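Q: The chain contents come next:
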Amino acid sequence: MKGPRTFCSSPVIQGLVLLVVVLGYAANAFAQEATTIEDAQWFDTNKIWIFLAVLLYSATVVYCIYHARSGKELFIRRIPGLEAVDEAIGRATEMGRSIMYILGLGGVSNVATIASMNILSQVAQKTADYETPLRVPCNDPIVMNVVREMVRTAYLNEGRPDAYNEENIFFLTESQFAYAAGVDGMMVREEPAAVFLQGSFFAESLILAETGNSIGAIQIAGTDKEHQLPFFIAACDYTLIGEELYAASAYLSREPMLLGSLKGQDYGKVMIFGAIVIGVILELFGITWLTTFFQRVN
Amino acid sequence: MRRQVPLILCFAFGIVMALTEFSPHRFSQWLNKEVIDWTLVIGPFALVLAIATLIQTHWTRIRRRSEYWQYSFLVFIGMIVMVVIGIPLGQRHPVFVWLFRYVQVPMDATMFSLLAFFIASAAYRAFRARTLEATLLLAAALIVMIGNAPVGDLIWNTIIPFGDNLPSAARQWILDNPNLSARRGIILGISLGVISQSIRIILGIERSYLGGVEGD
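Going down the list, the protein sequences come from chains A and F.
In terms of our numbering, the first sequence opens at residue 1 and continues consecutively.
In terms of our numbering, the second sequence opens at residue 1 and continues consecutively.
Everything labelled a hint here was simulated from the structure, so no lab data went into it.
Mixed in with the good hints, there may be bad ones.
[To be verified] Facing chain F, according to a computed beta carbon distance under 10 Å, are these residues of chain A, among others:
no., residue
1, Gly107
2, Asn118
3, Ile233
Values in this document were obtained by computation on a predicted structure and should not be read as measured data.
Every residue, glycine too, gets a C-beta built ideally from N, C-alpha and C.
Turn these sequences into a full structure, and let the hints steer you where they fit.
A: In structure tokens:
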């Protein structure tokens, strides 16, 4: 029987213990390697304000997560791109065609790729339910292995391990434009009914999105690369802008603790908005200390 | 235990790596570099798995005579040629360099050049002035395009007697003010999202990447 999930449960405590061990080991290894330790600062005082801001924001997020555990219903604004996930999967199911999920060019250490994998996990649960083929061409071998494990578990959790086909999650190439060519070729040949473009995208973003558009697939895109957003907005049906990509897994799973962190994110935005408004008003009255402060922090 | 160990490692290394960003001390910089080097070790192992998958996928397609199975032959030909030349002769051998320079680079360039046509077709759809937003987008795009082309200023200065180089000045104003403000707003949102997601991962709340879905 599962107990209640808390973020202060044993992994965090054990993680703290490991943290001490790792630091101890590393200090020892460093002492052996370095003959002389330079008299350097342990803390970069130039980054003190950034550190405090990150700390304040992190504390807000953690507080909101705690608060969400109480079970109180949280209001989360509607995100059309995520509302359309069901529509896209339903359309593919009705048409008897596959769904293509593209994770972009980011490696497994890229936060946008992790966010994309979290969305994929939710999508895989639904495709397992509907028995819709899910095709995932990967650009990074580590990402491919993690994704295979994630999708397999998602199918297992839905009670459909038989529907999982490992061959549908495959490595294509690490080369940027060869990857774009490969995915475009598959899109044109297989004509998936829905295409998800979620993760880190670069110059290949529009090549992929326009090909998806040309085959009439419903496309849901999202990226952390703000330069690629206009391309996605022009070529895709729905686009997750900015932090919406990171909010997606919480939004789709509706798990209270994840939703709590979204609320924290919103409070962070309110703080920044407040600082901007106050800064503008002070500037209008010729008071410049706040803008000077932010310029120095930068 | 299968879940506990990755979560503990994730928490410990997540905190350590975050702290090293704020410490200029030689020890913390060394630690940061060392941990990043560890991650590089994982790459080659995963690459072996990936190549095995690639071979398996295309071999299966050829064996089953799936649709377009002929393309899989091309994958094998490309792979074998590069391996047979690259491994014994090295990456600096003229044949290997020739293959790279005159086969792979032109193919990459071909894909990249398609972007110009895709931009035109996407812009055509996006700039249809059906709504107020699309009309504003069209107007801004026209100003930026005219301002970007040197002939824009030339035509303006020849025809209009006032406002020297107005198109390029207007373009710069659009890029520096509305465009930059919107970009910064998006960047701020992304940054908050990244921190929030990192907190969820470090604290073990977000676990899907471990190979399971939320709630299990």
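Q: Give a verdict on every hint.
A: Do the hints match the structure? See the list:
Because the beta carbon of Gly107 of chain A sits about 9 Å from the nearest beta carbon in chain F, less than 10 Å, this interface hint is met. Because the smallest distance between the Cβ of Asn118 of chain A and any Cβ of chain F comes to about 5 Å, under 10 Å, the interface hint for this residue holds. A hinted interface residue such as Ile233 of chain A counts as satisfied when its beta carbon comes closer than 10 Å to some beta carbon of chain F; here the least separation is about 7 Å, so the hint holds.
Going through the hint list in order, the structure satisfies each hint without exception.
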